[in-house]
Each structure stands twice: as C-alpha cells, then as structure tokens.
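Protein chains: 2
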Amino acid sequence: MTRQELISNIKRKGSFLCVGLDPDIDKLPKHLLEAENPILEFNKAIIDATADSAVAYKPNVAFYECLGTKGWEAFEGTCKYIKGKHPDLFIIADAKRGDIGNTARMYARAFFDHAGADAVTVAPYMGEDSVKPFLEYDGKWAVVLALTSNKGSQDFQMIRDAEGQPLYQSVMKKSQLWGTPGNLMFVVGATQGALLGEARNAAPDSFFLVPGVGAQGGSLRDVAEYGMTDDCGLLVNSSRGIIFASQGEDFAYAANASAATLAQEMAELLKKRGII
Amino acid sequence: MTRQELISNIKRKGSFLCVGLDPDIDKLPKHLLEAENPILEFNKAIIDATADSAVAYKPNVAFYECLGTKGWEAFEGTCKYIKGKHPDLFIIADAKRGDIGNTARMYARAFFDHAGADAVTVAPYMGEDSVKPFLEYDGKWAVVLALTSNKGSQDFQMIRDAEGQPLYQSVMKKSQLWGTPGNLMFVVGATQGALLGEARNAAPDSFFLVPGVGAQGGSLRDVAEYGMTDDCGLLVNSSRGIIFASQGEDFAYAANASAATLAQEMAELLKKRGII
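Protein chains in written order, with the working numbering: chain A, 11 to 286; chain B, 11 to 286.
To be clear, the hints were calculated from the coordinates, so they are not data collected in a lab. Treat the hints with care, since some could be wrong.
In this list, chains with the same sequence are indistinguishable; a pair is considered to hold if it fits within one copy or across any two.
[Claimed, not checked] Straight-line C-alpha distance at most 30 Å; calculated DSSO-like pairs for lysine-lysine: (1) 37 <-> 142; (2) 93 <-> 37; (3) 90 <-> 281; (4) 54 <-> 80; (5) 93 <-> 150; (6) 95 <-> 37; (7) 282 <-> 40; (8) 37 <-> 183; (9) 90 <-> 183.
Work the whole structure out from these sequences, hints included.
Rendered as structure tokens:
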C-alpha cells in the first residue's frame, strides 16, 4: 500500500487505529477452542467486528510462531483473510527482525511475498544492511524500532552521544538516509509524553506506529498533540483493550464497541487538526 | 549445558569451533534434493562429519523459517538429532530475537523447551525486559548481540556516549547486571581486530560467540590473541567455509576436512595459552 492510499484510508474512515492481533491462546473465548484453528477463527471475528473502525492490523508474529505449524497457518491465514475481504486494510507483521543481508532478505520474502503483509517491524541494532532489504519492495514498508514503550527502552535508546543526541534519534535520522516517508515508519511509544514531540522533530514527515496507548498508560490526546502531522502521520495501536474487551461469547461485540470508541476519539482529533 | 560442561568439552576436544548450520536450499548438493526433508538430511550428514571437531552448532533460524512448516521441522529435527546422538554439543539458535516480556518469554519457550536449544541470540535494543526472559532457565543461555561483524555494525554500535564509551560496550556492561558468565554470552565480531580486545576488557569472564572468521575476513590468531581467556572464553563460528566446502556428493568429507583444519589450529592456540 502506498503512503497516499494509507492517508486516504485514514481520512475516509476518520480513524488512525491499528488493532494488535496478539491472540494469546490462554485468553481466547472458550467456545472457540473447538474450532479447527481457534486463533484464525478468533482473528476473523475480530477483524470483521472492527474493520469499520480500523485502518491497520498488527499481528505480533511471536504469538503465532510459538504454536508451530498451526500458528504459522493462522498467521498467513489472517493476512490472506484481511487482504481478501478488506483490501484497504494495512497489515504490519510485528516481527522485530534484525539480521543482515541475505537473512533479512529471506525475512522480507517470507512476510511480504508469502504472507502478503504491507509492513514489517525491524530492529535497528545491526544497522543499514539489516534494514535496507525491507525497503526494496514497491508499496511495502519497514517500521523501524526507535523509541519503544517498555521499561527497558530506557536502557539503551536514551543513551546520549557526545552532542547530547539520544540513540533513538540517531536511529531515526540515519534510517531516513536509507528510506523515504513512503517506505519507512518508526515505532515511537506513547508512554513518554513530550518525548513523542522530540521524535516528531527528528522525522517530521514519517508515519509513527504508536504502541502503549491505553493499557500501557499513554493518552491518545497527548499522542495527537505531540505526534500528529498535516497528513495525520500516526497509526495508534491497541491490542488487549480491543481483542480481549470481553473473553466471553460476546467478544466480537465488545471488540466492536471498544474499537468504535477509540475511532470516535480519533475522528475528533483529526477534525480538530482540520484533516477531515 | 553449564559453563563448566562447556569448558570441559572445549578442553577434551581441543576445539572451540561452532559450526553455523545455514543450509541455503539453493546451495545444497543436488543429490539430496530428493530426500523427504533435504535440509534435515544435509544437516545430519554435516553434524556427523564434523562432530569430532566442533563443540557447538548454530542453526540460523531464518534459513528454516523461510521454508514454513518443512523448515521448522528441519530446525527442530536438527536440534533433536544433535541432542540425541551428540549430547555434549552446545546448540545456539541464531534467532536474534528482541521483544518484550511475554513475547520474549514465548520465544524462550519455543527455542529452549520445544526445540531443546542451549542458547538463543538476542538483540539488545529494547533493553532489560527483552533479555531477561532468556536468563530464567537453568543451564540455558542468552547470547546478546554486542559488536556484530557486518558493515552496518558501524551505524549504531560504535556511537560513543558523552564519556566516550561506544554503545556496544554499554550493552555489554549493562547486560552483565542482568546475567552471569554462566548464562550470558556476547556476539563479538572478528573483523574488527583490536576491537575484540576492548570488548574483552568490557566482559573479562564472558564467553564470546565470534562470527566473521574466514569468509568475512577475521583471523583466528587475532581472535585468540585479543579474545581468549584462561577458560578459553570463545566459540568461533564458521558456516559456509565448512558446510559448503564442497557442494558435490563429497560434501560431508569436505566439511570434515575443513572443520578438522580449523580445530587443529584451535588446538594449537589452546596449547599456546596452556589451556590444554
């Protein structure tokens, strides 16, 4: 999907919601466990229930990989289901891969060609040759980890160089030499308030994938205040708050309501900024 | 496998060789392609041919993952074959994972419990909560990327903080607060000569997994000079130089010879240091 298509979808839907598909098998509604592939059934129901409110889905690859064959089938099946039924939805394979040359190229093939994802999250530690292979596909994206929303993000991402620039900003600035705002996004966590504004200064035109709103403590209003651009420039992810809004038989209705509430807030913020 | 067992194996075999099992399907000997699982057959033959010269094997998980189900079967099959037939060999799942809390815990379960690997390579960018879940298993190891041997290692790993300390050393020093020399190793590339000595100063007692000898240009003599400790403290990896020493029907013989040559050099270096 191109940047223009993504922006159009955001405007049309009045939403920049990304739904995190982290289907922890222990939390799935009990009545689904009898299905042939419970995770795939769960995801389909969640997608159908939330597709009107969301512009993107982000399956966390670990939740699928840990189940072996069945898990990989569920992952690919989920991507295919999205692209078949809702082709305007953006798919981010949250794999956090970071490896060199040939290996990165193999990962790119697996996620882009085989699974049909639009984007893959990539860890920057190994540098250019670990990111570039993901930038060589038309209409596909690398989402580089910059400032994450976990506690450990303080350990290295905030280390300042001799000029006082924190590592996450070095990552953002250097990565922009390898890609463009049309094939490169950044993960920028929402839990660190004004830091989002500093990240925005480091990459004024790039889309940010923002985790950490809701369960992890970030506020949507702050994210919009510090991170929104004239093109929106944001995909805000929510996982558990939507997919496990209820763990009963009404899980799809609860997910629908939870996603709609977030989308409504997002529409307000987009209006306030004059984007819709 | 405990640190003491690993050191004993190194002394007994007079080798600190790790064989990288990166079985690129396009490079496999043609006559194996008829087997039910060519990669598993290839790996078994390579393992049997090199087990006398090696103390460790390092399957690069990407080469297996990119083949879907069959690939994962080959990966698990390879680990089980090693542990069944050569239980004194150390297995490093080269997965370069880096994700938080629950996700990291799932990866640890997949590689340690299901596949039976002794160690997993871990990317440090997300900090403590992405590394610690791999340190919670008795006799299992996290191998943290510190200084890699690829070109892109210059992009971020060498950024110096206000005190002049490069990022890779911050990674090494902080990681040692989370683990011990008994459950934490570091990836330190061999292509950067004397840098290995600086890495050694940052972690005097830790094992280093050293890629980049041979094909990538590092010399074994330099690695020993700058990196060896009284306990050896090194696992030096060679992949293509061994497993694709020949791509013909004689591939196992060629791998055997290539591994034996390296092991012989290693024995000399261990003797010189008085370790054997």
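Tested hints:
In the homo-oligomer, the alpha carbons of residue 37 and residue 142 lie at most 30 Å apart only across protomers (24 Å), although the nearest pairing inside one protomer, at 37 Å, exceeds that limit. When the C-alpha separation of residue 93 and residue 37 is checked against a cutoff of 30 Å, the pair qualifies only within one copy, where the shortest distance is 26 Å, while the shortest distance between copies is 34 Å. Neither within a single protomer nor between protomers do residue 90 and residue 281 lie at most 30 Å apart by alpha-carbon distance, with minima of 33 Å and 58 Å respectively. For the identical chains of this complex, residue 54 and residue 80 are neighbours both inside a copy (15 Å) and across copies (26 Å), given an alpha-carbon limit of 30 Å.
Only within a single protomer do residue 93 and residue 150 lie at most 30 Å apart by alpha-carbon distance; the minimum there is 14 Å, versus 40 Å between protomers. In this assembly of identical chains, the alpha carbons of residue 95 and residue 37 lie at most 30 Å apart only when taken from the same copy (26 Å versus 39 Å across copies). With identical chains, the CA atoms of residue 282 and residue 40 are never at most 30 Å apart, being 42 Å at best within one copy and 64 Å at best between copies. Taking identical chains as interchangeable, the C-alpha atoms of residue 37 and residue 183 are never at most 30 Å apart, the minima being 39 Å within one chain and 38 Å between chains.
Proximity of residue 90 and residue 183 under a CA criterion of 30 Å is satisfied in neither setting, with 34 Å inside one chain copy and 44 Å between copies.
Checked against the numbered hints above, the structure breaks hints 3, 7, 8 and 9 and satisfies the rest.
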